[in-house]
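Asks: Here's the letter readout for the chains.
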Amino acid sequence: MREHTVLRIVTQLVVAPILIFALYVQFHGEYSPGGGFQAGVIFASAIVLYGLIFGVEAARRAIPPTALRIGAALGLLVFGGTGVATMLLGGNFLEYDVLLPKPEKGQHYGLIIIELGVGITVASVMIAIFYVFAGRGRHRDEDEPA
Amino acid sequence: MITHFFNQMPALVVVVPMLAAPLVVLAHRQWAAWLIFVGACWAIFGMAFLLFVEAKIAGQVSYAVGGWAPPFGIQLVIDPFNALVLLLVTGVAALTSLYARASIAAEIVAERGYLVYALLLLCIAGLVGITITGDAFNLFVFLEISSLSSYALIAMGPKRRALLSAFQYLIMGTVGGTFLLIGIGLVFMMTGTLNMADLASRLPPVADTHTVQAALAFIVVGLSLKAALFPLHVWLPNAYTYAPSVVSAFISATATKVAVYAVFRFVFTVFGVDYAFGTLPLGEVLLVLSAIAMIAASLAAIFQTDVKRLLAWSSIAQMGYIVAGFALATPDGISAGLVHLLNHGLIKGALFMAVGALFWRLRGSSINDLAGMGRAMPVTSAAFVVGGLSLIGVPATAGFISKWVLLSALFEAHRYLLVAMLLLASLLSIIYVGRVIEALYFRARPDDVTEHAHGEAPLGMQLATWALIAANIAIGLHATPELGAAQRAAAGLMGGGT
Numbered sequence: 001m002r003e004h005t006v007l008r009i010v011t012q013l014v015v016a017p018i019l020i021f022a023l024y025v026q027f028h029g030e031y032s033p034g035g036g037f038q039a040g041v042i043f044a045s046a047i048v049l050y051g052l053i054f055g056v057e058a059a060r061r062a063i064p065p066t067a068l069r070i071g072a073a074l075g076l077l078v079f080g081g082t083g084v085a086t087m088l089l090g091g092n093f094l095e096y097d098v099l100l101p102k103p104e105k106g107q108h109y110g111l112i113i114i115e116l117g118v119g120i121t122v123a124s125v126m127i128a129i130f131y132v133f134a135g136r137g138r139h140r141d142e143d144e145p146a
Numbered sequence: 001m002i003t004h005f006f007n008q009m010p011a012l013v014v015v016v017p018m019l020a021a022p023l024v025v026l027a028h029r030q031w032a033a034w035l036i037f038v039g040a041c042w043a044i045f046g047m048a049f050l051l052f053v054e055a056k057i058a059g060q061v062s063y064a065v066g067g068w069a070p071p072f073g074i075q076l077v078i079d080p081f082n083a084l085v086l087l088l089v090t091g092v093a094a095l096t097s098l099y100a101r102a103s104i105a106a107e108i109v110a111e112r113g114y115l116v117y118a119l120l121l122l123c124i125a126g127l128v129g130i131t132i133t134g135d136a137f138n139l140f141v142f143l144e145i146s147s148l149s150s151y152a153l154i155a156m157g158p159k160r161r162a163l164l165s166a167f168q169y170l171i172m173g174t175v176g177g178t179f180l181l182i183g184i185g186l187v188f189m190m191t192g193t194l195n196m197a198d199l200a201s202r203l204p205p206v207a208d209t210h211t212v213q214a215a216l217a218f219i220v221v222g223l224s225l226k227a228a229l230f231p232l233h234v235w236l237p238n239a240y241t242y243a244p245s246v247v248s249a250f251i252s253a254t255a256t257k258v259a260v261y262a263v264f265r266f267v268f269t270v271f272g273v274d275y276a277f278g279t280l281p282l283g284e285v286l287l288v289l290s291a292i293a294m295i296a297a298s299l300a301a302i303f304q305t306d307v308k309r310l311l312a313w314s315s316i317a318q319m320g321y322i323v324a325g326f327a328l329a330t331p332d333g334i335s336a337g338l339v340h341l342l343n344h345g346l347i348k349g350a351l352f353m354a355v356g357a358l359f360w361r362l363r364g365s366s367i368n369d370l371a372g373m374g375r376a377m378p379v380t381s382a383a384f385v386v387g388g389l390s391l392i393g394v395p396a397t398a399g400f401i402s403k404w405v406l407l408s409a410l411f412e413a414h415r416y417l418l419v420a421m422l423l424l425a426s427l428l429s430i431i432y433v434g435r436v437i438e439a440l441y442f443r444a445r446p447d448d449v450t451e452h453a454h455g456e457a458p459l460g461m462q463l464a465t466w467a468l469i470a471a472n473i474a475i476g477l478h479a480t481p482e483l484g485a486a487q488r489a490a491a492g493l494m495g496g497g498t
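Chains as they are written, first to last, in our numbering: chain E, 1 to 146; chain Y, 1 to 498.
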């Protein structure tokens with residue numbers, strides 16, 4: 001892709017807006033269409049685009065696979081941890097009412113937190129899947145048992 | 001605080017393994033991953049036991065997830081029926097955790113070991129979730145969690161064929177999951193509710209429609225695929241044969257059992273005995289299929305050359321026994337089916353663990369590989385023999401209790417042809433278990449085997465295997481508690497549900 005100047009410049013221009021749009025979909029999810037899953041996919045699509053144009057190695061340098069492994073686990077922990085927090089505060093699992101003094105505020109923030117967890121996990125897993133597919137053939141020596 | 005903890009147990013039984021999975025991924029190191037795995041498994045086993053006692057005393061334990069009262073929110077329900085299944089799943093998980101360390105270290109590349117623990121935890125969370133949920137759609141979600149993790153687990157098997165078997169299972173399992181979802185969608189369309197107890201009260205007025213009939217058909221076929229009920233068993237032999245030993249042991253003892261539980265949870269609790277077995281001929285269909293399963297799969301087992309594959313075919317035959325009990329739709333039949341569901345979990349778990357221990361030493365599981373191992377690994381071979389006797393149904397083992405109650409239930413229902421089939425299948429099981437025992441004890445070790453092929457498997461593996469064997473003998477000698485619990489469960493189911 002080195003010779004495709006147009007693609008390279010356009011990609012450089014749009015990657016950042018895509019990432020910001022993902023954050024918008026993430027945190028505006030309870031008012032407009034969207035939420036954690038969609039935001040995660042949009043976020044990952046920016047990295048996939050970057051990887052397609054500048055090479056998987058460049059994408060790997062930007063977001064290393066180890067970070068993805070931690071991100072995938074962390075997202076689930078944020079979601080489940082919210083549930084455990086509501087239990088510790090005297091409610092049932094994921095009973096957001098108890099998170100804050102006002103139940104409706106609790107529902108609001110509880111939902112934002114778990115959607116953040118969903119977003120982190122989905123983005124990490126999406127990028128990880130892209131790395132695996134794009135990396136096939138390059139890392140054959142590790143993947144294939146003798 | 002302590003009562004609050006007790007009230008939260010139904011959720012914790014699912015949440016603990018589900019959150020232990022990401023912790024394992026973060027811990028990354030194999031010994032740390034294993035410690036978290038052991039802790040989570042034994043914690044949920046303890047909680048399952050407390051829940052079992054609570055359900056016995058109170059009759060039913062209910063939990064509203066998120067504080068949303070049923071039927072609007074997701075409800076978790078533990079009654080005498082699923083408390084027993086919950087005990088089986090968590091108990092086998094707890095013993096698997098002891099077994100896993102040495103087995104995984106021997107069969108899985110070191111840097112992927114933590115992934116096996118994480119996937120096993122997710123699979124456990126899914127199976128426990130299926131068992132205790134009182135919500136039809138939630139059951140589908142948990143089924144997908146357990147299925148997706150088990151596809152990945154099977155694909156991690158030491159041979160390349162494992163990938164193909166996992167893919168085969170993935171295709172079949174996804175068809176099963178989709179059928180289940182279609183069925184749930186149809187009943188939701190007719191009633192507007194997903195809570196099982198609520199469905200049970202809203203279905204009768206619309207039961208006479210093709211939509212509800214189709215829904216029952218889709219749900220039963222979809223879940224039977226996961227339960228490997230003949231003729232939907234095609235995925236099972238390959239999946240059990242090529243999976244890592246610890247995965248074969250855990251999944252064979254739990255996954256198909258939980259799927260059978262789900263079939264009959266829907267049939268008895270949601271649709272009702274009279275509808276499924278009176279208005280519709282589900283009972284006859286299941287009895288015929290289970291009779292074919294007993295004979296055909298036992299015959300197939302006799303001709304296998306690989307022990308794991310032999311045990312897998314035997315599992316398909318045993319699913320026939322379990323389903324035959326439930327399909328009688330009498331209190332005795334249901335309790336017999338439930339007793340064999342539990343006992344077969346203990347038997348197959350023990351046998352697959354013993355084979356896994358032999359595999360740990362031999363790096364192979366064909367019957368020819370086992371020649372003379374009775375002398376090289378006496379403790380493990382003895383475990384296989386006792387497990388095999390239990391599978392046949394020799395007195396003083398759990399298998400005998402299963403067959404006894406199943407035969408009496410069949411006699412009482414005047415199903416004499418099925419009695420004959422069951423006895424024939426038991427005779428066939430003597431042949432296939434006998435073939436393995438013959439190889440273990442009555443054949444000489446090949447001359448080219450070097451000294452390293454002697455000596456027992458690590459302590460953890462033996463401990464887990466013998467714990468399951470001990471459970472088999474304990475039930476064989478004193479079955480009253482198990483039979484009592486199964487009868488209470490059957491009475492609850494016949495009484496019209498949750």
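It is possible that some hints are incorrect.
Have a look at the derived ranges for each label pair, beta carbon to beta carbon [unchecked claim]:
id, chain 1, residue 1, chain 2, residue 2, range
1, Y, 491, E, 136, 52 to 58 Å
2, E, 136, Y, 395, 54 to 60 Å
3, E, 85, Y, 3, 52 to 58 Å
4, E, 136, Y, 416, 58 to 64 Å
5, Y, 62, E, 19, 22 to 28 Å
6, Y, 412, E, 136, 56 to 62 Å
7, Y, 62, E, 101, 47 to 53 Å
Treat the hints as calculated values from the structure; they're not laboratory data. Yeah, the Cβ is synthetic: ideal placement off N, Cα and C, and Gly gets one too.
Asks: Could you work out which earlier hints the structure fails to respect and list their numbers in ascending sequence?
Replies: Hints 3, 5, 7 not satisfied by this model.
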